[in-house]
Amino acid sequence: MKKFFKGAVCGFLNGFFGSGGGVVAVPILEKEGCDTNEAHATSVALIFVLSLVTAAFYGFSGNLDFKSAWDYIPFGIAGALCGAFFLKKIQAAWLKRIFGGIVTAAAVRILFV
Amino acid sequence: MNFFGQAVAGFLTGVLASMGLGGGFVLVVWLTLFMNVDQRAAQGINVLFFLPIAFTALIMHLKNSLVNKELVKQMLFGGVVGAAIGTFGAQIVANELLRKLFAGFLIAFGLHEMFSAGTAERDDSKKPQHG
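Those protein sequence lines, which keep their order, are chains A and B. 100 is the number that the numbering used here gives to position 100 of the first sequence; each next residue is one higher, with no gaps. Add 1000 to the 1-based position in the second sequence for the numbering used here, that's all there is to it.
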């Protein structure tokens, strides 16, 4: 039952914001006993399935723009190949700190622009 | 410029998303701040974008035996219910409010990443733990 709610939180945020379910899933999976790399990989698996559901719902309500998504997908796949290849090899701490700073700055801009 | 931006945003999103590090934020922020796409449409684009990217990464993660399938199964049912509610919520909330809430979510995530990164790695020596 606890896992039901944990899953529900990831699913809700991923559906509501169309992104970000994975970052919530990672610490949850770590609490469940995954090591860091396993948690990150498992979050991708979980969010992949949840995103299929989310995409279907967005589709029903007419909010899917295949053309725009396609503009980014080839670059994204190249990035995913690099990212997945390096996941086993890197210590992500410094990457997280830098990315956290950039994201916070972007958020402040969204709030005030 | 647009093509270059697309390439960089797409690539970065792919790298970060494949690791479960919040790649989707890059694409949504890029689309809303720089391409003037509205919040809901940007979220829809990101969800679509994520599917082939996650699929690609997943094949590699499975090959590397990094996926805990048992946990995926256990969290899936709740996840699907949450996804349905969350997606429905995103359709009824006003775009501008959705945008502000998204910014709040980003700030919470960004601060967490800035100040907690590193502690998790140090904790690895003590894993597996059960909460």
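Incorrect hints may have been included.
Each pair of labels, with its calculated beta carbon distance range [what the hints assert, rightly or not]: (1) A:Val-113 with B:Phe-1004: 19 to 27 Å; (2) B:Phe-1003 with A:Phe-86: 21 to 29 Å; (3) A:Val-108 with B:Lys-1069: 33 to 41 Å; (4) B:Gln-1091 with A:Phe-86: 35 to 43 Å.
Derived list of chain A stretches under chain B, where covered just means 3 residues or more per stretch with a C-beta under 8 Å from a C-beta of chain B [said to hold, decoys possible]: (5) 13-20; (6) 31-41; (7) 60-72.
Once the Cα atoms are required to be at most 27 Å apart in a straight line, the calculated DSS-like pairs of lysine-lysine come out as [unchecked claim]: (8) B:Lys-1073 with A:Lys-67; (9) A:Lys-89 with A:Lys-31; (10) A:Lys-31 with A:Lys-67; (11) B:Lys-1063 with A:Lys-3; (12) A:Lys-31 with B:Lys-1069; (13) A:Lys-3 with B:Lys-1069; (14) A:Lys-67 with B:Lys-1063; (15) B:Lys-1100 with A:Lys-89; (16) B:Lys-1069 with A:Lys-2; (17) B:Lys-1069 with A:Lys-89; (18) A:Lys-3 with A:Lys-31.
Rather than coming from a laboratory, the hints here were simulated on the basis of the structure. Since the structure is predicted, the reported quantities are computational estimates derived from the model, not experimental observations. Glycine included, C-beta positions come from ideal geometry on N, C-alpha and C.
Checklist entry - What are the numbers of the hints that this structure violates, sorted from low to high? => result Result: hints 8, 10, 14, 15 break, sorted rising.
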